[in-house]
Structures are given as C-alpha cells and as structure tokens.
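Going down the list, the sequences are from chains A and B.
Just so it is clear: in the first sequence, position 40 is 40 by the working numbering, and no numbers are missing.
Here the working numbering = 1-based position in the second sequence + 1000.
The set of hints was computed from the structure by calculation and includes no laboratory data.
Remember, it's a predicted structure, so these values are computed and weren't measured experimentally.
Where is the CB? At the ideal position from N, CA and C, for every residue including glycine.
One thing to keep in mind: the hints can contain errors.
Said to hold, decoys possible - Stretches of chain B that chain A covers, calculated by requiring three or more beta carbons in the stretch to come under 8 Å of a beta carbon on chain A:
no.: 1; region: 1564-1576
no.: 2; region: 1618-1630
no.: 3; region: 1695-1701
no.: 4; region: 1770-1780
no.: 5; region: 1813-1823
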Amino acid sequence: MGCYRLHLYWSDPEIGRCNLKSIVSTSIAILSGLVVLVGYFVQIPILVELRSLFLDWAVILAAFMVFIGVLNISIVNISHFTSGKKDGFFGLMLIISMFVTLALGLILKPGHPIMNFIFNSIQLPVELSLMAVLSITFLIAAIHLLRRKPGWVSITFLVTALLILVGTAPSPFGEFPLLGGFLKPFIAQVLAASGARGIILGVGLAALTMGLRILFGADRPYGGK
Amino acid sequence: MMADIRCQMCGKLSSDELEICPFCQARLTPLHMPSPSDDMEGSDPVESSEVNISERIEGNQEADSNEMDSLLDDYIEIPSDPAELEVKEWLAGLDQESNNEMETPDLIPGGSADTFGDGSDDDWLSRLNSQENTGAEQVDQDAEKQDGYAEKDLVEWLQDFKNDDESERQQNSQPVSDLPMNDTGSNDDWLDRLQPIEGSVSRDIDDGVDITDEGDLGDVEALPESLQDSTEGSSLEEDIETPDWLRNIQAETLDLSEGTALDEAQSPDWMADLQAETFPSGNDVDSDERDMPAWLREIGADSLEFGESNGSGTPEISFEDTAIDQGAGDFDDEMALKEGLVPPGEKNQDIEASVLEANDYDLNSQVESLESFRHGSSLEKLSSDESVAPGTTMPSGSLQDFTQAGTSSDTPGSLDLDDGIMDDISGELETVDLPEWLKELKDPEVLSSDELMDAEVAKKLDAIPEGELPEWIQDMQPVESMLPQDEIVDEKLNEFVENTGPLAGLAGVLPLAANTETRHSTKPYQETPVLSGEQNQQVELFKQILNSESNPKKPPLPVKRSSQRLLRWIVTIIMLAAVLVPILINYPVALPASNYPPEMIQVRKIIFGLPNDSPVLMIFDYGPAYSAELEAAASSIVGDLINKNTRLVYLSTSPTGLVLADHLMNGVRSQGTSLIDPRVTELGYLPGDIQGMASFANNPSYTLPVSTDGVHVWEDTQVLQDVGSLSGFAALILLTENSETARNWIEQVEGHLGNTPLLMVASAQAEPMIRPYFESGQVDGMVTGLAGGKAYEQAMGISGLSAGYWSSFRSGLFVIELIIIFGGFWSLFGSLRDRKLTRKEEV
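Here chain B stands alone, though its shape is the one from the complex:
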C-alpha cells in the first residue's frame, strides 16, 4: 500500500511515489540529510568521526517514535520502480555532505538530528552503532528525531545499488558533469548510475541491508577514465575521495555488541535485522565484522560478488576510503580483497569466505525497501512534524539529483565522473563489493592507504599558503573571522533546532530570534539633539545675532560736550579788542628794515625803474574774501604805477576780478596816493582758464581785441598800439591768493614775456608755493600779504593801507599767539585729566 505524502507547501496529499507535488510543484521528499546530534563537536569530520556513536545515541532524548514507525512502515513499501526512486539523491547528498561537511546521512531510521548534531558527516555508521547499543527505543527516538533524511539516504544509496543493477548499461546517459550538481560542485549522480550487478548476492531487506542486486552498476565506459582505470585494478584508494562523513565513521567505535532493540512493528525489516543481530552470535563473521552492521556486511558480500562478476565490464562502484569506521572489521578488507586493493596476505580469508557464502544477497529488494523506507520516513516526517512549516521543501541536492537521474534512465549508463568527488571515485564496480568507504568501517586506528592519502591531501591543503590580504581588508574583517575557527564555537547554536521555516528540523542553524542579545541595537533617533554646554552657548549667541538683525541698533549717543559759545564770545571780544585798540589809539609801529623781504625789494626796484607812460598789465585773479589783504599789499604799488603815468591794462580770469580791480582803483584814489588820474584800460573777462591764458599769452590782441568800453585798444595809439604781445608790456603784475592760479599764469606766459618782468602780489597763504618760482627766477618780484605791503610802503616812504592795518595786525597776531599758547596748554592739561579719570573709572 502506497502511502500518501503531504506536501509541505500546499498541504495536499499526494502519492509517495511522486517526488514533486503535482499541485504546487514543491518537493515532497526532503533531500537534506539530518544534522548530527548535539554531541558532535565542531564541524571537523575527522573529529566528529572520533565521537562514539553510542554516545550520540545515548545523548538523544527527543526521538520521535511515531516518526520511526512511519518510517518503518513506509520502508516496507518501497516501490520497485527505479525511476521513482530517489535513492540517488541521498547518495548525492552523501557526496554533498562529504564536501560541505554539513550533511550526515542517517542510515538508521529513528535517528534524529539532535542525536547526530549539526552538520556532522559520516554519522550514519555511527548511528548504526549507537542505535544498536542504546536500544530500540533510542533508535526509534533517534529515527523520529531525524528529519527522515538519514533513513532516506540509507535507502537511497542502497537503492542506488539496486538501480545500478536494474538500469541498463547501455544507457549512455549524460555525463556526470551534465548531471545536476550539488552545492559543492560535485556530481553525485554517479551513484545513480550505479546498478547492482546481476546475480550478485542480495539479501532481504529484513536482513538489514537493502541492497538490490539487480542490474549492473552502469557502464564502465561511461565512467571517467579515472574510475575506469581504477576498475582495472588501480588503487582506488588514491582516486576516490572519501566523503568526510565517511571519514568520521572511521574514528567511531562501532560498538555493536548490543543490538538496538527496534520495534519490529515500526522499523523496517532490515532495521529489525540490525536490532536482532547480535555480534558475534549467529554470525559467521569474525570479530572484526562484529563491529559492522549486518546489512553492511551483506553489502560487503555483495561487493565481493560484484567484484567477481566484474569481468563483463560492470561498472564498479568504489567508494573512496574516507574515514569510515574501521570497526567494521574485515568488511572493508573483504571489499578490498575483492577489488584487488588490499594486498593479499591480510586477514581476509575468513572474510572472503563469509562474503562468498552470502549468495542470497538481494540488492534490489533491499534498495526497494530502503527506498520505501525513505519515502515513508520522509512523508511521515513531513506530515507528523508539526513544527515543520508548510511549504517546507527539502533542500535540493543529492536526493533530487539521484531521483532525476534514476527516473531518466533505468540503467546508470555511463558516468562521467570528472567532477569533484566523482573524479576520485573509482570507476567500475566490478563486483558487488563493499565500497571503499565501507571498508573503512574497521579499526579506526588502522588507516588505509586512502586515509593516508587523504591525510596527505589535507596536509597539502594546509600547506597551501593562504593569500595575504591587504591590510585594509584585514582591518575590515570582523574580529570573529580573525579568530581560529576552533574558538568560534557557538554551543548554543548547535543546540538549537529550528522548528519553523525551510530549515525546520535542522540543528545548528541560526535561529530567527537568536542572537538578539548580541544584535546591535540602534539607538533611537532623538528628534531633539543633545547639545553640549559650548554648543548651547553658541546657539544662544547665534539667536542673539538673529534677533539683533530685526531690532535696529540705536545710534551711539554723541559725546556730550560743553557749549563752545562762551569760549567763542570770549575769543571774539579779545580779538576785537586787540584789533580796535591800536586803531583807536593810533599807535604807529615801524617795521625794522632788516625785516624787508628780498622779493619785496625786487618789486620796489622794478617799479621804481619803470619808465613813464609804459603799459603795465595787471591781472586781478583773487576773490572778494582776500581783497582786503591784497588791496592793502597792492595799493602802494598801484599808486606808484599811477604816479608814473603808466597805462594800466587789467583783465581777470575771474568774473569778479574786474569789479575788484575797480574797487582797488577807487581805494587808491581815495587814499590820495596817486597824484593823477589813472589811465586804466579794462580788457574784460578772460574765459577758458588755462586755455584762455594760453590764448592771451599767444595773441593778446586776438584773444581780447576790445575793451569793456568797446574800444579797440590794440589799435589805439594811446592805449596799446605799440603792444602786440605780452613782451610789449613793461611789466606784468599778477594779483592772486591762489597758488594754482599763479602757477598757471607762470606756465603760460613764461615763453611770451621775454624781458617783461613778472611781478606778483600774493596772499600770505600762497607765499610758500610761489616762492620757488621766485627763487628759480620765473617770478621777478613778489609782495606777500600785509607784511610785504607794509614793507613796500615803508621802503617807498609812504603810508598806505598797510601802515594803518599794521598795528592792529600785529596786536591781533600777538593775541592770537597768546590764545594759542594758553589755550593749548589748557587743552593739554584737560586731556590728561580726562585720561586719568577714565583710567580711574576703568579700574
């Protein structure tokens, strides 16, 4: 009766013959091998193999008996159709386990993941021992605890033998390299191709070994050359790469003294045989074989048969000599002897005989039983395991690969074992010999050549220098990665068995809710930033600045000072008194002769030397504000000129110059300095500033042809008929208070004067700037301010405005000097006093 398998994804029932759910296309049968028990330490298969299987079984307390029963029931109903079998998958899983050291085939139904730990390999043989030693119940528990992968794998690989026997040799299937690869890149489907050799010894499944003997193990030609060569007697131990899980078995002590009491009603027959089988009673095998389970011994017998009948080219399955527990005794020796690997002479004669006697070895039936066992176990596992999340699919890999390879062809066909582990597997399985890995189920202390080779390989691998990572990568590496792997052992992680999700039933996986303690919790983001004291101060300052922008700054209050009106009045009164008193008292003050400036003396000489009725050009370029000073300085000169009956011609570049000229002339007349009426000709206003000066200097008659009266003075014989240019004048007198005006006139008329003297009557403020021209000879004479006029009058022996202004001028000047002196000292002392007060306030 075929059992139904409940799909993990959709939850619908489907036939157990199916591998894929017809409704949701999910995998029905798991592929992943159950993880080892908690007792397993680390992931090193070598180390794990050294763990006693019995210890594992004893440590398992959580076996599911129901699961075991279902597994056993299903085990009985293994379909015979090799295409439906998924035996190949578990073998692929074996291979995968050997590579990634994660999967361990659970060959003993009832084994659990907890029993065998997490990711440990090569535990299936250890499980055998442990189950047989601890009793049926533990075995049942273990089997129930497993996720069914162990049982399935056991059935699968055994079924593989069956399929290899049943499958056609002629099937030239796809090379191994084309087969679906497992995660490790190796092709596990080579085991799918393996077929039991016809006529090989087969046993019932009840015997504990479900190995079919139908068919051969595939075409030898399909095998890669390495395997083919190996079938010819080459050292298989050198070519086969033993899975790690097999290596582990080597270290295990198969204490099969105590049979595992299986529940015959629940466990399949072969398992029952395992339980019932007690070494060494009822067994012809010697003590070495006592360590091996019965079914393994049967396999060894079959292998021997396979080896015997391998002359037709039957592909010979030779498993690599991994760390198989050599406690199986001479079982491997039998295989080795049959395959020609073990040199004769060893203690194999008895084994050989026992193997040859096992002629009733039925490989096919055993494979079928294993297959059914696998299906049933998987289905029950999936159905009964409530912790398994719906939709949980078995990890794809070896099982499915095996299944697909099995369904694709009846015969293994050719095997291109050119990838991964396949390359190391020997080629043809000439006889139904035990695979190499089974050979290692003996004294673990005895290392076969393969094991030595593996050790050597391991050494070589270790010898491979590791690549040096750059420093910056090393810095990026987490601390854990830098630690030796031995230190990174999370025991809690190994103890944890996932109950939900696709990794349900597996141990040693990272739990979803695990490591929450170590999880780096991010601090909640604070909306309000936390500022330090200095930052707060800066923030406050910034706020003040922003607030001050909106608030207009009050202008600074001016420094309040005392009123200066009183001081001004005082000074004014003093000055008025200083100026008026001398006038009122009419106190004449004579200027000493030593104080006559030389420039004034020159003017006196020139004026005194002018001929009578000579034309003299006078230029009035001063302002009304300086008229008093200049009139006082020039009145005497003009009087002298008038007295010499000179023809005075005056012009001005200033609009007010002509009026000032008339004012001067009226003043001279009013003073009585002139004895005759002046002969004055007004040429008028000369515009253009410098250009006018230049134009007049170049051609005065052209520039100012007509006087202000409308008379063409340049044509009048009584005025300027004999004057054609500036050089025709007897003298040129410039009256100005501005040094710039003086400079311009000097520059423009310099080239046109000839021998005509240039005289200046300038204000005292312009004297410093005009003196260089006098000292350079460009100016022939200069009368400077009131002092110059006083000196000129005193020198000419006349009394003019300068004499009348001189006493007031001198007294006023003296008072000013005193005011400056006393006022300066008063201010200086006041400022010092203010400084002292401010310093006291600051202190």
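Okay, chain A solo, but in the shape it has when bound:
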C-alpha cells in the first residue's frame, strides 16, 4: 500500500517536478555539509581535500557574488537615470565613478598612488565626516530623549551612558576615583560583558541548530519544499 501511494505520489507530473528539484538540492547541501563537518573531526586525506575543494568553490562563488552585486547596482542606477526618476543624475555619477575606479584599478593596480589618492580624497573624508556628524546627532537625541520619551528607561539609559563616558576619560578637573576605578569597569566589564556573553552564546547555539537542521534537511534556504 505504501509503495502504491508512493507510485501515485510520484506519478503526478507536478508533484514529480517539485520533489525532484527539492531532492537534488537537498542532497547536495547535506552531502557537502557532512563532508566539511567530518573533515574537521576526521583527518582523512580525501575528506580534507574535498573540504578544501568545497571551500574554494565557496570562495569563488562569494567573489563572483560581489561582481554580481556590482552589476546589479549598475543596472539599477542606470535604470533610474534612464527612467528619469528623481536623483537619477546621482545614479549616473555613481556608475561613472565606479567604472572609472574599476578601470584604474585594473590598469594601475590597487596600490597605485592614484588609487590611493582617490580613496584618501573622497571616500575617507566623507566617511569620517559622517561619523563626526553622527556624534552630534546622538548628542542632540540624548538631550531630547527625556522630553520625547520621559520614563525610567530613558533615565536609566542616560545615566548609564554618563557613567561610561565619565569612566572612560578623566575630566579636566581631575579623575573621579569612584567612577573611573570602580564604576566604569564594573559597568563595562561586568554588566556589559555578561550581556555580551549571553548574546554570543545564543548566537552560537542558533548557528549550531541551524547547521544541524540544514544537514538533516529540515531547513532548505536554497529552495525547494
């Protein structure tokens, strides 16, 4: 009876196509994961070779994905420019700069002074400036925090931030011994560290669970039912 049902199940063309695709992809994923995992624990030459081979393939795919991303950005911005959308000129500028840099890099190599000049003149100051503006923005937000969301949570947040700031650097008028010597290390190294530990442990356990689910075929992020 089970075989008959299985036959009927597979005889359906629609069901058959979907299941075949799913089975193949799932099989490849599981096999690859097992090979890499076992290669970590069992030092079998063939497994080591296979693991290295799979990792190389993954590296190549990841690098190609960056190239794919660059192409995607180019297509989107070109479409914005050609469709006449707002800020389409900026998309064109983006594409020009990107391809110019790409060309120079391919020609001059990444370490060429021109390449460095472009980076140091444009990208680095822009990002540094944004970081500086961000500090002012956070300061203004801290000023208005109690006005917009008055509450004990906001007060606690601000008090904690003050303590950390005070403990980080001594004041021009001198160092506060309690704050710098005890309070700030206690907050940073005890309270914060304990929280961080919990987060890291949770992340590790989640990654382990996800890996096992992929190996077992429970999760199929690569597609298929």
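Assemble chain B onto chain A, guided by the hints.
Relative to the frame of chain A, chain B by itself:
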C-alpha cells in the same frame, strides 16, 4: 298533477319525480333537515328535547305561508312509485341527525328552521305539538320557514313504511354496510328496506298519518343478526340506538290539546287531520294517546298490525327507544306490547284495542302522500325561497340514500344493519307497530329501558377517560376549545339564518360576514419601518461610517515642533570649541597608570616579546569611518613592530582594507615612530567572508599564494618561506570595529593558531562583545579605542596620535557629559511642564 321542481344550480324546471336534475345533475330535492328553532339551546339533544314544542312554535314568527301551501299541494301528489320516492333519504337523515345532533326532521309541514332552531334533533314530534297548539297559521309559518326538509323527512320515513310494504322481501339488496353512508358512518338505508306489512292497517293521508301498509318491511334475513334476534323478541330497547332527535322528543310535552289550525287548502290532508284532530274528542284513545298526533297513533296501530302479522318473517322495524316524547302516551306502549317489549300488565289494554281497531290504516297511501308532500315542499321551498342561492343543493345524505335505495329495489330486501345506528335497530318489523322511538312519545318522565340504556351508554361514554394531550398540544389549543362546551355558546350564531350559499335556510351556521368584529385584522404593512430612538442613532452612525468611506481621511497633522537647527549649531560650536581649544593650547594630559587596562598590558608584553624579523600577520577589517580611532590606537603597535624589523603581512576581507592599511603605514612613517622602513607584504583581498577566513586559516598559501605585487611570498625566503600556516606567524593582529568580524576570525583561526597569539585592536564600541573572548583566553590581548592606544603609548613611553588626540578627546568627552546632563534636565523639566499644560487644557 305533477309539480315541477326548479333546479337550484341551473334554474331549469324538471319533474318533481326526479331526484337529480337532468341538466346539471344537481340534486333537486334537498336532503338536509331543517334546523331547529332559535329557542333551542345548545346542541344537546337531551336538553333540546326538554324544550316545549309549543314554545318553539310560538317563537316562530317567520313562517312562510306560501311555502306551506306548496308543500301541502305537493304533498297530495306524492307519486306512488317507490323507486322515485326519496323517503328513505329523510330516514337516513333522521339517523344522521341522531348521530350528529344537527338535523331535525320536520315532520310538520310549515315548520321552519327558525322555529326549531339550529341543529336540534328530535324536534319533529315537538313540532307536531307546537303546531297544533299554536294554530294553523303558525304551523304554516313554521312549515314555510323550514327548508322543506322536515316535511320531506316526515314523508320519507312514512314513505319508507310504504316502500317496505311494497318492496319485495326477496330482494337481496346490498347489505346495509354497502349502502351509501351518511356522514356519521351509519347506514340509514335500512329504513329504505323497510316495507309496510301487507294487510296492515293503513290510513289515509288525511288522517295525518301517511304510512303505507303495502308490502312488508323487508327480509328478516337481510337484517343483521342483532336485528334479527331482536325480531325474535329480544329487547329492542337494548339493541336500538335511538336518534338523539327522538330522545329530545321525550322531554317535550306534546300539548296537543289545541289542534293546529292548518289551512286545509294548503296543508295536506294528513296535516289537516292533525289540525282537526283534537284530543280527546272524537278519539277513542285515552289521555295518553291524546298527546300523540293522530298520525302517530295510526302508525302505532299499524305497528301493532305489523307485529301481529310478523310471523312470516316480515322484517320488523323497531326504532330505538330514544328520547321520544313519551307524551304520546300509550302509543309506545302499544308498540311495545305488540312487539313484545313492554311487559304485560302495563296499561296497554286499551291501547291495544284501539290499535287493533285501526284497520283502515293505509300505510302506502300515507307514504305516498308524505312523499308528495316532501317533493312539493322541497320544490316550493327551492323555488319560492329567493334567498336560496342558485345551485344550492341539498346536502347529500340520508334522503338521497333513501332515494337510491328506494329506486334500486322495490323491496327493502335484506338489511345488513351492522353499522352504526343500524346495529342498534331491531331487525324485523314483525307487525306494523310503532317504532321504538315513537313509543317514547309519552310521558317524558317515564324512561323506558332503552332510555335507561342510553343513559347508561352515555355514562359509559363519559366514563371513558379522555386522552391526555401533551402539554405542547394543549398549549396550541385555542382558548375556546379549553372552555366547557356550555360556555361556548354563540347565541348570535344560532339566531343567524344563512340566506345565501349552499347553507341557505340553515340556522346556526357561521355567516360569511359574521365575526368580522372578532376577526383578527392584520396591521397594514408599513413600507417605512418605525425605528426607535436607539435604532435611529445606530442608523445615523452607520450612515456616517459609509459616508466616511468615500471621503478620504485627512492625515493627522504632525506635531509642530520648534526648529532644532539652532540647538544643533550651538552644540556644534560647543563641541568644536571643546575639541580645538586643547589642541591649540597643547595642554598635555597624562593618563594615570592605574587606568591601564589589563588587556592593553598583555598586548604590550606580547609585542615587546616578539623576536626580531618575525612574521606578523595583520588583518585590516575596519571601515574608513573608524580609521581615525583605530589608527590612533594601532599606530604605536605598528611602530613597535616595525622597529622590531618584523615582516608585516597584511590582508583584508574588506575591499577598502588594503587601502586603509597603506594609510596606516604612511601615517606611521610620517609620525617617525618607526626608525626603519617597514617590511610589508600585501596578500591582498580575501573574499568569501567566513569561507575565506576558513580557507585561509586552513591553508593560507593555497588561499592567497600571490601578493598584490605578483610575488609568490610563500616561496620567497625573505618573506614567508618559513610560514606554512597560521601557526608560523609570530602574532596575528586583527584590527576591526565590528564585533561580528572579530568573532568570525576568532572562530575560524582558533584551531590553526597554535601558540601564535591573537591580538586585537578594536573600537570602543566593540569592546563589550570582544572582552569575553579575551577573558576566556581566546584573545591574548586587546587595545580598545583611543584610551587603549593612549595607555599603550604611555606605557611604551612614546607619544603618538593617541597622545595628541587625548586632550581633545577628554575635553570633548567632558563637554558631552555636561551637555547630556544639562540637556537631560532641561528636557525633563520641559516634558513635565507640557504635561501640566495638557492637564490644564483637559480640565
């Protein structure tokens, strides 16, 4: 001369001999007996019988004289053909009346429905008394008032006697059960079978009794066993079921002292005899018989004759002893004596003699006269009664049954009196005796055995427990049905006489236009529903909702807030001042030694302990935005490494990492921290994120075999020839601002480092997430942000970028603290003030 009868349906004339109209096949002669007068109360025959007949006649004021005349005229011309006679029908009607208590034979022509009320039974004898007492005119009126059924019935049953005499005994007609049944299920045609006994005493119709003596009363064998047995002398009173209308007569007082003055020109002869007959003059009967009409007495005589000559098996008609008015005196006694029912010894001798003397009793002629009377009365009734709607047919039933039975055979034949009332009727009519019901026309106070039996039967019936209806049925019953029947008396209904339709002439029927007051009038349906106040509110609300669907809602206006540009400028100026002033004044600020973080001390130890010309791998995985902080923190470390003539090999998993690495190297050179040129090898960009890390950690020479210069550094002895894996490096320094990147590197390189220390230069924001790895021993040392770099420089005794940034950093940090404090308080007070204002507005 034969009178024509006008058909009620088609209005065409046809012979009165016919029972059915040849044109439209409707019945010509009515079958229904006239309803009793208004004086009758209720439908209880016993009660109705107790009403004085004279009172009824006196109460009748609406007799139709013309109708009476026609009835009398037609009465004279009763055909002799028994087949055409419809005498049987009225007898069947008698029987029907006795069962349903609705019909009352009107034996006295001229009686009216009003006279005798509605549905009362056994009134024909009472009518006799009433008519004779009130006079001829009243009788005429009564007779005209009737619908002819009474006269017809009288004629019919008398005619039945005639037919029974004339009909053949040998006719083995259909059993009684096969005869057409009336509504009550009893077969009235047994009377059709009854034939007068040959040679019986007969009288002229003028004598008031139209009873034929021709023929016998039918075959005894045809009678049911009960009747047959009864003919043998069994107690007829026990077997006969007396009609109710006969029972009623028992209670009536036949005051026949005053004869009813009939119009001899209009009333038939027998009726004339009734009128002229005055008790006790000219009458040999005693006082008891004085109460009886003459024709009844004659019938009694005939019955006696029938009883005498019953030895040949003549079927004996014995009517049940119902509530016949026993005011007829000894008439019933005569019959009873002849039939052997009444025990001897009673005062019947005189009666017996009188009966025997009535030898001239002509049953046949009397029946014929009655029949003609019936026809004529019915026709005249139908023709003269304008109120009768055309097409009105007499209710089928006993009359028609009698007619059919009469026409089917000349002789009564056998009677299977096995149904209903027939079963209770005695069998053979041995002699021309008065039927049992006539016997009861005597002192109503004297109850015969039959009456007792009836009473007993009534008691038994009453004793029958009524079925208990379920509660839900009882709830459904109308209120009227729950009330005792005595309470439900609609006097108005009894008074009403229908004039149109098939029930014309009947009293006590539900009028068409009656009870309109009690009729439940339905309220007119209102097109516009009437809504209550709450419903109207809901309707309005619903309308608003529907209207709001079509109208787009205006977005809520944002809360208008004051411009934050001024505050931003103020804060910016303050910060700039806090940062620039220390630089301008070049105010050095030393960091106390107690503030050296332990992770920085470890880094200092490791770097200080690195041998010269050792390969050190540096991984630049930070972004341009954090380059200032990390360069300030790592410049001293890189300077020390350069001063140790280490072979710096760096790579990056970020596309901008290599450029930042070069920027750092240039800054170190510009600061003069390094005394020699650095020996730097760029392995290049490591793609694949975690996979790349894992691949490089597993086999770095395979993953990045060539530097960015195209040199196979892993094969060059001056670069990385002695380094085959990560464990070949003297140290691995990771520069990153992202805790995730740090975690990945830690996880991937942990198993491949061996004894190689892993050092980190991290941003202050990633310190909390990386410290656990330091505390767990996975990271050997860590320099965190500008403070860590300052501490490292101070510990190394050098002055680098961190020293130059430190004063500005500290002052700026102090100003930020003050701004947060004062700004927080200012915001807190502002929010409280706003709350108070809103509360005041709400109040």
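We went through each hint and held it up to the structure:
With 6 residues having a Cβ less than 8 Å from any Cβ of chain A, the region 1564-1576 of chain B passes the three-residue criterion, so the hint holds. Only residues whose C-beta sits within less than 8 Å of a C-beta in chain A count toward coverage, and the region 1618-1630 of chain B has 6 of them, enough to reach three; the restraint holds. For a cut-off of 8 Å, the count of residues in the region 1695-1701 of chain B with a CB near a CB of chain A stands at 3, and the three-residue condition holds. Residues of the region 1770-1780 of chain B lying with their CB closer than 8 Å to a CB of chain A number 3, which satisfies the three-residue condition for coverage.
By the rule of at least three residues with a Cβ nearer than 8 Å to a Cβ of chain A, the coverage given for the region 1813-1823 of chain B holds, with 8 such residues.
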